[in-house]
Amino acid sequence: MSLYIVTILTNMTLISFIAISAYLILIVGEVSFGQQAFFGIGAYMTATSTALLGLDIVVALCLAFIVSALFALVLSFLTVRLSGLYFAVASLSFAELLRLSLYKVDYTVETNSGTVGPNGPEGFQNIRWIFENNISPENFLVIALSSLLALIISLIFMENSKLFKNARLVGKDQIVAQSIGIRPFFYRVSFITLAGGVAGFGGGLFALFNTYIEPSMFGIMLGVHGLAYSIIGGLGYPLGPLIGVFIDIGLLESVRFLSEYRMILFGGLVAAILIIFPEGIISPRLVSRIKRKLVEKNNA
Amino acid sequence: MEYIQISIDGILYGSSYSLIALGFSLVFGVMRRINLAYGSSLLLGVAIALWVENKLNISIIFFIPIVLFFCSLSNLYVERFCFAPHNTKAGVVVSMISSFAIWMQLDEISAQLLPDRTHSFPSLEISTFEFGGIFFRGDQILNIFVAFIISAILFLVVYKTRYGIVLRAVSNSADTAKLMGCNTNLVNSLTFIVAGVLGGIAAFLVLSTESQVTPLFGFWCTVKGLVAMMIGGLGSLTGAFWGGLLLGLLEAHFSYQFGPVFREITTFSILLIVLIIRPGGLMGVNIYKDLKSRDERI
Numbered sequence: 003m004s005l006y007i008v009t010i011l012t013n014m015t016l017i018s019f020i021a022i023s024a025y026l027i028l029i030v031g032e033v034s035f036g037q038q039a040f041f042g043i044g045a046y047m048t049a050t051s052t053a054l055l056g057l058d059i060v061v062a063l064c065l066a067f068i069v070s071a072l073f074a075l076v077l078s079f080l081t082v083r084l085s086g087l088y089f090a091v092a093s094l095s096f097a098e099l100l101r102l103s104l105y106k107v108d109y110t111v112e113t114n115s116g117t118v119g120p121n122g123p124e125g126f127q128n129i130r131w132i133f134e135n136n137i138s139p140e141n142f143l144v145i146a147l148s149s150l151l152a153l154i155i156s157l158i159f160m161e162n163s164k165l166f167k168n169a170r171l172v173g174k175d176q177i178v179a180q181s182i183g184i185r186p187f188f189y190r191v192s193f194i195t196l197a198g199g200v201a202g203f204g205g206g207l208f209a210l211f212n213t214y215i216e217p218s219m220f221g222i223m224l225g226v227h228g229l230a231y232s233i234i235g236g237l238g239y240p241l242g243p244l245i246g247v248f249i250d251i252g253l254l255e256s257v258r259f260l261s262e263y264r265m266i267l268f269g270g271l272v273a274a275i276l277i278i279f280p281e282g283i284i285s286p287r288l289v290s291r292i293k294r295k296l297v298e299k300n301n302a
Numbered sequence: 487m488e489y490i491q492i493s494i495d496g497i498l499y500g501s502s503y504s505l506i507a508l509g510f511s512l513v514f515g516v517m518r519r520i521n522l523a524y525g526s527s528l529l530l531g532v533a534i535a536l537w538v539e540n541k542l543n544i545s546i547i548f549f550i551p552i553v554l555f556f557c558s559l560s561n562l563y564v565e566r567f568c569f570a571p572h573n574t575k576a577g578v579v580v581s582m583i584s585s586f587a588i589w590m591q592l593d594e595i596s597a598q599l600l601p602d603r604t605h606s607f608p609s610l611e612i613s614t615f616e617f618g619g620i621f622f623r624g625d626q627i628l629n630i631f632v633a634f635i636i637s638a639i640l641f642l643v644v645y646k647t648r649y650g651i652v653l654r655a656v657s658n659s660a661d662t663a664k665l666m667g668c669n670t671n672l673v674n675s676l677t678f679i680v681a682g683v684l685g686g687i688a689a690f691l692v693l694s695t696e697s698q699v700t701p702l703f704g705f706w707c708t709v710k711g712l713v714a715m716m717i718g719g720l721g722s723l724t725g726a727f728w729g730g731l732l733l734g735l736l737e738a739h740f741s742y743q744f745g746p747v748f749r750e751i752t753t754f755s756i757l758l759i760v761l762i763i764r765p766g767g768l769m770g771v772n773i774y775k776d777l778k779s780r781d782e783r784i
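Heads up: the protein sequence lines correspond to chains A and B, in order.
For the first sequence, the residue numbers in the numbering used here are 3 to 302.
For the second sequence, the residue numbers in the numbering used here are 487 to 784.
Treat the hints as calculated values from the structure; they're not laboratory data.
Bear in mind that the values here come from a model prediction, so they are computed numbers and not experimental data.
Note that the Cβ used here is the ideal one computed from N, Cα and C, for glycine as well.
Mixed in with the good hints, there may be bad ones.
Sample of chain B residues at the chain A side, in silico, Cβ under 7 Å [as the list claims (entries may be wrong)]:
hint	residue
1	Phe567
2	Val579
3	Ile595
4	Val747
Example chain A residues on the side facing chain B (calculated, C-beta under 8 Å, incomplete) [unchecked claim]:
hint	residue
5	Leu99
6	Leu229
7	Ala273
8	Leu276
With these hints in hand, go ahead and build the complete structure from the sequences.
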């Protein structure tokens, strides 16, 4: 495979983590414009623990997951009374606050390979884990893709669990959920936290792959893209967000003559898809119809 | 003296936030929808107008109506594409996302029309004057004056005219208004056009005080307008006006005390604090006490 294709595939894999984290929050009926901040926190956390502290990669990614999940937990407690539009704007402002405070983080160490550490607007340079361990881009793609696959497969298995079914009910109608004894509070908090962790994990991989991160990478447009992917993909099945990723990066960015107008085309495309499929391409309704068909076939 | 000067500067700067927040508030007040593409549709209007001006070399008197025309046209495009297809109750969040997607699109088109990072913008050239040892920027005085007049006119239109009655009827209950024979589609489109004209005036005044336009203007407009509106109170016209001034005042003081990054940090911290403590905004309804508005919250 050429390097170009490998890079595109890796980017698709990494942004899928944001898309899936947006998907998890959409399941409990909220819209978050702030997933990019957790992505960024995960990236900074992984960069710090590999480049500054010299921790093992598995430990570093777990730390990224835990720390960004903790930040998401804070967000979910702060916004416990908010929903819908209010939650969306609150998550946006929380994310921007986290990102702007990264501009003030300044702690650098001189090593033989150059300056290492978060340096305000200059960003975090020299994350050399890939070079130190001689990981080729293909191998990194395998690592990222296998963690994404593990995530998706576990989500597919959890899809039929009580946790997910209750969470979907909370997202669909809080009052009905409450009336049969489901506490929306628990599901909201746990899903927002989980989503933060997933985004942070993806961010950690992003930092390792990019070898350089700066606060302006985690601006609002990143989160918007992740959200748009899961919205057009639909909420029916965990593979939904990947459809959005595929349409945007796989089709529009990789075709060279289109990539200059990618944002123009993609923005219009999202709006057009939402007119035709207001619930996304793989909507919950479609999934249940397919399931029913399969059951009928088995019975016949 | 220093503090008075900073306060005055902040309030005058905040008047541009008020102007933008008024347009937001109008759309939210009528349709209960948030138009996140508002800022970028204004940017697109300005970008097309600048492009036309470059081609034709027109004077500033003709430039203003061109800005207003293209701003309302791009707003109409947003309404037709993102809001008209999703006019059911389930479409509230969908239309917000849709306008978000269009935000990307319009920003990118404007960036293609304005290829450099900054472009000069015709300024009104009103001189700064001094009064009692305090300096006032003339163009900002004009801004606050226009913001005040526009909110007064809007208030009159909404509460005294026939269009205002229809507007409030649609805002109260679109279905009932439809049954009474209101053309809700037309009202929604008209509201977006009015919001576009308002936003065009705001964009022109803000950009002529800055005397330059960058592709970041769209994002700036959306965020500051949204924050000013949410501080003041969702859908409240007077709230949007005062919210903008308050935001400008606080930003000026914090950025003077702690440095320029704190201008943005202040914006978002105020928004977060207001949302947590009083989500309906300082002058809006308290959405957890008022039952009717609790049902309406989106």
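Each hint, compared with the structure:
no., hint, verdict
1, Phe567, "holds (5 Å)"
2, Val579, "holds (6 Å)"
3, Ile595, "holds (6 Å)"
4, Val747, "holds (5 Å)"
5, Leu99, "holds (5 Å)"
6, Leu229, "holds (7 Å)"
7, Ala273, "holds (5 Å)"
8, Leu276, "holds (5 Å)"
Checked against the numbered hints above, the structure breaks none of them.
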